[in-house]
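Knowing the structure of chain P, use the given hints to seat chains B, Z, C and X on it.
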Amino acid sequence: MLMDTIAAISGVNPRKCMRCGKCSGSCPAYDEMEYHPHQFVSMVESGRIEELMASKGIYTCLSCFACIERCPRSVEPARLIEAVRLAVIRQQGKNHLTPEQIPQLLDEDLPQQAITSAFRKYKR
Amino acid sequence: MTYPYFPGCTLKTKGAELDACGRKAAEALGFPLEEIPDWQCCGAVYPLAKDEIATRLSSVRALAASREQGGKLVTLCSACYHVLKRVNGDMRNDDDIRRKVNNYLELELPYFGETKVLHYLEVLRDTVGWDELKKKVTKPLTGRKIGAYYGCLLLRPSRELGFDDPENPSIIEDFIRAIGAEPVIYAMRNECCGGYTTMENNTYAAKQAQKIVDNARNCGAEMLITACPLCMYNLTKNTDGSVPVKYFTELLAEALGLEEQNG
Amino acid sequence: MQKIGVFVCWCGSNIAATVDVEAVSQALAQEPGVVFSTNYQYMCSQTGQDLIRDKIKEYGLTGVVVCSCSPRMHENTFRKTCEKAGLNPYMVEIANIREQCSWIHKDKAEATEKAIILGRAAIAKVQLNAPLQAGTSPVKKRALVIGGGIAGIQTALDIADAGFQVDIVEKKPTIGGKMTQIDKTFPTLDCAACILTPKMVDCAQNENIHIYAYSEVEAVKGFVGNFKVTIRKKARFVDTTKCTGCGLCTEKCPQKKVPNEFNLGLDNRRAIYIPFAQAVPKVATIDPDYCNMLKNGKCGVCAKVCGANAIDYKQQDELIEEEYGAIVAATGFNPIDLSKFNEFGYSQSPDVVSSLEFERLMNAAGPTGGTLLRPSDGKHPHTIVFVQCVGSRCDGGEKGKPYCSKICCMYTAKHAMLCREKYPDTDVYVFYIDVRTPGKNFDEFYRRAVEEYGVHYIKGMVGKVVPENGKLKVQASDLLDNRQLHIDADMVVLAAAIEPDKSARPLATMLTASMDTNDFFTEAHPKLRPVESPTAGIFLSGACQGPKDIPETVAQAGAAASKVIGLLSKDHLLCNPCTAQPDEMMCNGCSSCEKVCPYGAITYIDKEFRGPNRTTLLRRVAQVNPAVCQGCGACTVACMSGAMDLKGFSNRQIMAEVDAICK
Amino acid sequence: MQVNKEWTPTIVAFCCNWCSYAGADLSGTNRLQYPANVKIIRIPCSCRLNPMFILRAFQRGADGVILCGCHPGDCHYTTGNYYARRRMTLLFSMLEYLGIERERTRVEWVSAAEGAKFAATMNDFVKTVTALGENKRLEDLRCKE
Amino acid sequence: MQRVKEKAIELLRSGEVSRVLGWKTGEFFYDLTPAVFESVEEVEKGFVFSLFSGANLSKYLIAESKKEGKIAVFLKPCDSFSFVQLQKEHRIKRENIYAVGIQCDGMCDGESLRSAGCEGMTGVEDGESLTVHTLYGDQVIEKKEALLGKCQTCKSKRIVDFDELIGQQGEDVPSDRFAEVAKLEAMTPEERFAFWRTELSRCIRCNACRNVCPACSCEKCVFDNPVSGVQNKAVADSFEENMFHIIRAFHVTARCTDCGECSRVCPQNIPLHLLNRKFIKDINELYGDYQAGADFDSRPPLMDFRMDDPEPSVIYTRGGAAK
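Residue numbers (this note's numbering), protein chains in the order written: chain P, -2 to 121; chain B, 1315 to 1577; chain Z, 357 to 1019; chain C, 23 to 167; chain X, -5 to 317.
Calculated directly from the structure, the hints in this document are not laboratory data.
By construction, the Cβ of each residue, glycine as well, lies at the ideal position given by its N, Cα and C atoms.
Straight-line Cα separation of at most 30 Å, DSBU-like style, residue types lysine-lysine; simulated pairs:
(1) Z:963 x X:87
(2) Z:696 x P:13
(3) Z:829 x B:1551
(4) B:1521 x P:53
(5) X:275 x C:158
Among chain Z residues calculated to face chain X with C-beta under 10 Å, some are:
(6) 939
(7) 960
(8) 971
So that you can see chain P by itself, here it is in the shape it has in the complex (with noise of 0.2 Å):
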C-alpha cells in the first residue's frame, strides 16, 4: 500500500537500481543523513517505508539533484526522498516547521527565497 503511493507520487522505479552506490558517492548531505540516498532505494524496494518516514534523514535532503544526474540507471533517488518526505506530510499532517519558529530563524538579509522553500519543503 505504502510502496504504491509512493510509487505513484515519485513516479520512480526502484527496482531499475543496480546498487552502484553512486547516488551516495554524489551526495553532499551524506553524513547529515542516517539512511543514504542508495539505502532510500533499496529501503523502498524492501518495503522498509515506516523506517524511513520516521527518519530525520528525510529533510536534510539538499535537491540538489546531483544524485538524479549523476544515476546511471535513471532511478532518481531524491524524487524517492521527496515521496516519503510527503506520505509524511499527508498521512499524519506532521511539520518539521512551524510558523512560529519562523521569527528566530530569520536574518535580514535572508532571502525570501529561503523562507519560501522553507516552507515548501519542510511544511504544509
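Okay, now just chains B, Z, C and X, sitting in the frame of chain P:
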C-alpha cells in the same frame, strides 16, 4: 524586442538591486524586460511529486500569460528558472499533470507547455551573443580572476533543463570572458552549497559553503559570481568571507558602465 | 489440377487428443484435387515417411499436404521424403495443426474445425505450387578482412593457412590495432607486444596475405561468393616500395608538435612518422595536417635526408578494385569519449586518465619509458583511485552505454596489481559495482590482486573528483561499510566503456549487414551462428560484434576464419529457390522494387519486345539475381503492376489461403 | 461442421516466418491458449504482406486482420518490417478514413521468444473484434442501400 | 495563348521535333482532347491552347517518347510534376522529348461553366473575369467560380522541368487542398462510411480515372491480369468492384502528384482526389512533407523508412479523426 520577465520573490524584495542591474543591462543590450502582470511566486522548489497540482499552478499561470506575449519567459533567478522550466516540461510531456492543471485553471486556451523558458544568461548567449556583448562592454573587468558558481538549480537535472553540460558547464565562464575578466575553473562550481537548509541546519550549510569557497580560492579565484540569490546569500553569510560573492548582473552592469547611474 | 495427397498426423496423442484426426482426413478428402487422404500415428517416423512415399507412387501425386507439427520442425523432413519419391520438394505444404491448433485449444470440436480449415488452406495453396529448382552461383576464392587488429590478423592467418588468398584492409598506417598499445595481458601478465608482433610479421611474410595498410573500404557491391570491393589506398606521400623504414626522416622532421595518437596524445611525434618500432608495414607516413611542405610548400627536409629517395609529396590516393568470395568485419572498438563524465574531472585535470592512457603510462615504449609518473607534474603518484564502469551499464541516454564492457574488471585488476608490484609504496583503491571475472583463471587473478597485492577493493562508486592543490579529492561511497569516503588521490584512472569503432556503421551499410542499437554488428543467431552476419557471405570477428577480451577475440577470429574457409572451399553455392521473379511482360521498369531490396538483387536491362504493327519496342525491365535474392518479398508489394512475384509465396497462393480461411 | 451456434469472428493473422510464426509456435509449445478463430498464414516477412491480401480477407468475410512481424530493427531481412510499418500505417489510416472501424486492423511486433505476447495479443484482438461484431462494412462499401 | 500554337508550328517547321503533343478541338469549343500533330498543317487546322486545355498530357509520353523521332509537349505547372514523376520512374525517354512549359492561371471546362450558370455557350473570352458568349447573350462571371476543381486548390505555379518556357516561372503557392480531407477526418466513422458509400456506389467502372491517371500507367493493370488474383471480368466476384478505388489509391500512394485528373474525368463526379489526398496528407504528417514529382532525387516515402517512424497504432491516437 521586449521579453516577458518573471522577477521572482527574492529579486523583487531583498535582491531588488540585483534585479535593477539586470533590467538596466538588458535595456542597454537591446532586450528590455517587461514584468508580466499579476505573477505569483513560483514556489522556489520544484514539486517533485507527480501527483501535486496546486504547487504547479502559479508557475503555469505565469507561463500561460507569457504565451500570449511572444511565447518566451525570461528569469534572472536560478530557482525560478528551474521551477518554471520543469513545470513547463511537465505541461508539455506529462498528460496527467497537464489534464489536471488545465481542468483546474480553466484557461481560455488550455496550456500545453508552449512557452519557452529562458534564463537571462541564455538570452545573453543566444540572442545578444558573447561577441556582441564584448563590443558593448565599456569598462572591461581586465585582470580580475573570477570563479563561476553554478550551484544545482541551473544545471540539474540536465535531461529536463538542458541548460549546459551539467558536469562541465561553460556559460558563466563565457560570460566572464565577455566582460573582460578571466574565468577560474574549479571543480566544486556545480556542487550544492546547501542553501535550502540555511534556516534549518545552518552549521551544515556553512560547512558546505566553505568547502566551495576554499576550492575556488585554492584554484585562484578572487571573486565568485552566481545566478541564484540564495546561493549568493549562503556563500556570503556562511563562509569566512575570503572570497567576495557577487550576482552576475552586478558585474554586467559594471562592465557596461551602468553603475554610476545606479548611484 | 493437381493430384493431392493429404496426410494427417496424430503426433501420438499430441494432436489426436484434441483434434479428431479421422474427421479431418475425411473432410479434407472432399476438397477439390484431393485424391487420397489418410491419418497416421507418427508421420515423421520411418513408417510414416514410407507411407507418403508409397502413396505418391501409387496415386501419382503431384502435391502433398501434411497436417502435422510446425513446418519449422519437419518441413525439411517431408520435403526430402517427397524428393526421394521423385516429387519436387517444393510441392509439399504443411498445415500446422499442433503448435497452432491442438496445443492451444481445449475444445475438441473447435480444434477439429480449425484443423480442417488449416488443411483446406494448405490444399488451396498446394494447388498453385510449382516445382522449384535451387540455382547455383560460383565462388570467388579470395577473402577480405576489414580491420587489422588482433581479430583481423588472426582471421587472415587462419584463412591463409588453409591455402586461400586473403587481403587485410587497415585504416591506420600499421596493422596491430589496440593490442599494440597494451602493456601486459591478463591473466598471465605476458607482454602484449611479445605475443602480437610475431603475428604481425607472419602476416607480412605470408604469401597468401596482402596488407592494405592506411586504406579504407570505399564501396562494396555484389553478394556472397561474388563481392566487388573498392579499396581507397590513402596517400602516405612516401613510396612504400622504396622506404626502408630507417626512421631518419622521423628524427629530422622539424615539425615536432604533433600529438602522438599511439600514446593517446600524452606526448608528441613528428609530421612524418612511423607509429612504433614494430610497425607492419614499417614505412614512414606524412601527416598532411601538420606537414609544412604539404601545407605551404616550405620545408622538404625529409626528402633531403631520405637515402632511398622514397618521399613523394605529389602522391595521390589510389583506388583498387578487388573481387572476394567472403568478407570479414573486424573493425574493433574504442574507449568512449570521457568528456561527458566530468564529475570525475577528466577534462579538468591531466591526472585523471583513461585506462588505455594508463596502459601507455605503464608501458616501456610509452611516453614515460615505463615509469609511472603523473602527467601534470611528472611526480610519482602515491595514491591511485580506479573507477570501474565509467559509461558502462548506463540506462539509455547519450551519456553512457547500456551494456557491460566486459574487459574492464580484468584490466583494472591487472593495473592495480602491476602498480602494487612495481611501486609497493602506492595505495591503490578500486571502486566497483560488481567484479565480473568469468574466464579461465580470471577470478583467481582478481583474488590475487586483493589477497597478495593488497589492492583496496571497495564496493561503491565515486561521485565527484575535485582537483585542488595538486591533489584529487575523491568523494565516494563505500556501500558495505555504509559510509562516504574522502580520499586525497594523486591519480584517478577511469575504466571507460568501450564502443564499436565509428567506421563500423557506414561499413555495415555498405555490406548490408545489420547492427544493433549500439552499433555492434548483429550475428545471424546469437547462440548458434555467432560469427556470421545475417547477410550471407559476411562474417564477424572480434569486438565489432560485442565487447571481448583477447582470448575470446582470437577464438572468434578462428571461428570466423573456419566459416570463411568452409565457404571458399565450395566451387558453387546453392541458392534459396523461393526468390522473387518479375513477369517481364508486366514490368514497368519503374525501379520501385530495386529501392526496397535490402540485398541489391535487382537490376534493370533494356529488352526488346514486340510492339503493335510488327514494330519492336525497347523496354526497361527488372532482373532478379536469384543468387542474391533472399526471398523477403518487399519488392512484390512495392511493385504496382504485380509483375514481381515471390516463388513459393505467390500472390495467388496467399490469396488462395485467405479465401480458404475466410470460407 | 458447424460447432458454435453463437457468432464468433473470423480472424486472419499474417505472421512473418522468422519471428512471429516462431512466436506463435512457442505459444503452442507453452500451451498458451487463444481462441480457435485465429488462423495464421505464414509469409516470409512482414514486408510480403500486400494490402490486397488484407482487403481480400475483409471482402471474403474476415472480421479482423492482424499482421505480426519481427520487432523493428530485428528483421531477418534487415529492413522489411520498416517498409511494412509504413505501408500498414497508411493503409489502416485509409480504411479508417473510409469509415471502417480501425480496431479491425492491427500490427503487432512479436519476436520468436514472445510466445506469451503472441497469445495475449490474439486474445485481446479477438476480444476487440468480437465486441465490434460482424464486419459487413467493407463488403457494403460499394453497394447501394 | 496564340504563342503556344506559334511555338508548336515553329518547332515542327525548324525540324527540332517531328511531332507535337497538344490539344485538339472537339465538337464544342470547350471540348478539347489531347492529340498528336505530325505536320504544320495539322497544327494550323486543329491545335488549340485555351482556357479548356486542362488535360494533363504527360501520360501520353510513355508511349510517344518510345517512338522514332523527337516529340514536343506542352506542360502546365501541375502537368510538369507528373512529367518529372514519370521520369523518376524511368517511364519516359527524356531525350526524345522537347518540353515546353506554359504558365497557367487556372483552367475551366464546359461543366464548370455550366455549373457557374452558363447555358448554350458559343464562346468565352479569358481574363480576370470571363465573358461567356451564349445563345442568350453575353454573360460575365468570376473566373475563380468557373475553375476546374483541381485548379481551385492549385498547389504550385512552378514548372519543374522544361526545355523552354512560355510565360514566367512560378513558385509553389499556398493551398488549402487538405481542407476537404480534414473535414472528412473530423466526421464520425459512420458519417464517413455513409459519405463514401454514397460516392463510391455511383461508380460505373468505366475506368476513366485509371486511363487518365499519369501514375496509373502500368504495362498491364492488376485489374486486367488473371495472375494478380484480383482480376475479374464477371460480376461473380465483387472483390474488384468493391476494392478498385482503394487499391488504385494505394498503388499511386506517394506517386500521385495530385494533378486532379481523376476527379476531372469522372463522369459520375466522384471526388476521387480525396482518396489520393488522404494518403498525401498522412505522408506529410507522419513522414515529413513530400510532393511527388517535385524533384528528381528524393526517395518516395513508401520506398523509404526511418528507424523511428511512428507505429501503425499512431492512427488510433492521432487527433482529428477522433472518437
